[in-house]
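Listed here are the chains, written in short residue letters.
Number of protein chains: 2
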Amino acid sequence: MKKSFGPKTLVYPTPVWIVGTYDKDGKPNVMTIAWGGICCSVPPCVAISLRKATYSYGNITERKAFTVNVPSEAHAREADYFGLVSGRDTDKFSATGLTPIRSDLVDAPYLNEFPLILECRVIHSYEIGSHTQFIGEIVDVKAEESVLGEKGLPVIEKVKPLVFSAGRRAYYKVGDYIGDAFSIGKGMQ
Amino acid sequence: MKKSFGPKTLVYPTPVWIVGTYDKDGKPNVMTIAWGGICCSVPPCVAISLRKATYSYGNITERKAFTVNVPSEAHAREADYFGLVSGRDTDKFSATGLTPIRSDLVDAPYLNEFPLILECRVIHSYEIGSHTQFIGEIVDVKAEESVLGEKGLPVIEKVKPLVFSAGRRAYYKVGDYIGDAFSIGKGMQ
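Read top to bottom, the protein sequences are chains Z and L. Note that the first sequence ends on residue 189 in the numbering used here; no numbers are left out. Note that the second sequence ends on residue 189 in the numbering used here; no numbers are left out.
Treat the hints with caution; some may be incorrect.
Identical copies go unnamed one by one, so any copy, or any two together, can satisfy a pair.
In silico DSSO-like cross-links for lysine-lysine, where the CA-CA straight-line distance does not exceed 30 Å [as the list claims (entries may be wrong)]: (1) K3 x K151; (2) K64 x K151; (3) K24 x K160; (4) K24 x K158; (5) K158 x K2; (6) K3 x K52; (7) K173 x K3.
Don't read these hints as lab results, they were simulated from the structure.
Turn these sequences into a full structure, and let the hints steer you where they fit.
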């Protein structure tokens with residue numbers, strides 16, 4: 001018998017991603033989100049949701065582009081900080097010492113120090129309620145050499161991304177490998 | 001200097017969620033997704049993306065409702081199995097011994113044995129490309145007593161959700177607590 005908790009955004013896991021944008025004057029900004037996810041394979045797309053009041057909302061609306069920057073465990077404090085203050089009145093880069101790099105492919109900056117980033121151009125937006133969802137086509141994935149695995153792709157064990165817990169409002173590590181997808185369920189029946 | 005990997009759905013973390021639906025005859029089905037995420041706080045909404053060819057796509061289109069069922073580590077094999085076969089020609093419940101329960105709130109079934117579930121009614125859909133995104137308003141969150149923490153809410157340490165790694169296509173556990181959100185970044189500057 002399950003207990004009812006009413007309408008809530010209470011589900012696990014959710015990501016911790018840093019969204020990179022430029023404002024109308026070309027000033028870079030980054031903000032933290034947990035409301036997002038991959039939403040299409042072909043073309044590869046990612047959805048992110050932001051409140052209208054955020055500085056990044058205006059930036060994305062204007063520039064039609066954003067990056068998704070995946071922090072490593074070592075950047076947990078910076079990732080949290082990026083969600084605490086607004087780019088309207090703060091230079092989040094000088095405060096953290098992290099470096100915005102101009103994307104060659106989309107009109108948005110990415111974080112030099114983060115291990116894995118997506119460069120995205122906005123192909124759709126939808127106002128849901130408190131949040132507006134932007135769908136970005138992933139034009140390129142970039143990663144540091146240091147997080148590549150045997151097959152030459154960025155692996156989760158080296159990227160060490162954060163998991164957001166909406167219940168406790170806290171960050172967690174990714175833990176142990178359980179098994180391969182499209183594999184461990186075979187023979188079940 | 002980052003290495004470029006081209007347009008890919010390669011980002012961490014992504015969830016492992018089981019989507020529950022009824023077909024036109026009232027037969028329950030479940031399928032596994034990793035392309036999804038919370039997309040609005042007020043009203044609370046979750047976005048899930050499915051290929052048109054899936055049996056669940058037709059079900060959601062017809063019933064305008066779905067559930068999101070969060071598997072625990074103990075259900076990794078079943079979660080994988082639900083993504084391997086189609087509800088068109090398989091009864092996934094008899095194969096796994098898991099039990100579909102009719103939601104009182106939306107026209108969709110949820111899994112009795114999974115610790116945390118969302119009951120959703122579809123408020124929007126958008127065809128992106130290979131995948132269609134459905135936005136579901138979360139009408140209720142339900143959880144087993146066994147996964148509740150000190151404050152009476154379902155906690156990630158007890159739910160033990162799976163993390164999908166799109167790189168290796170594998171399942172991972174959620175690991176150790178790092179720190180509190182909206183807290184550990186304070187004082188940075």
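List of violated hint numbers, smallest to largest: 2, 3, 4, 6
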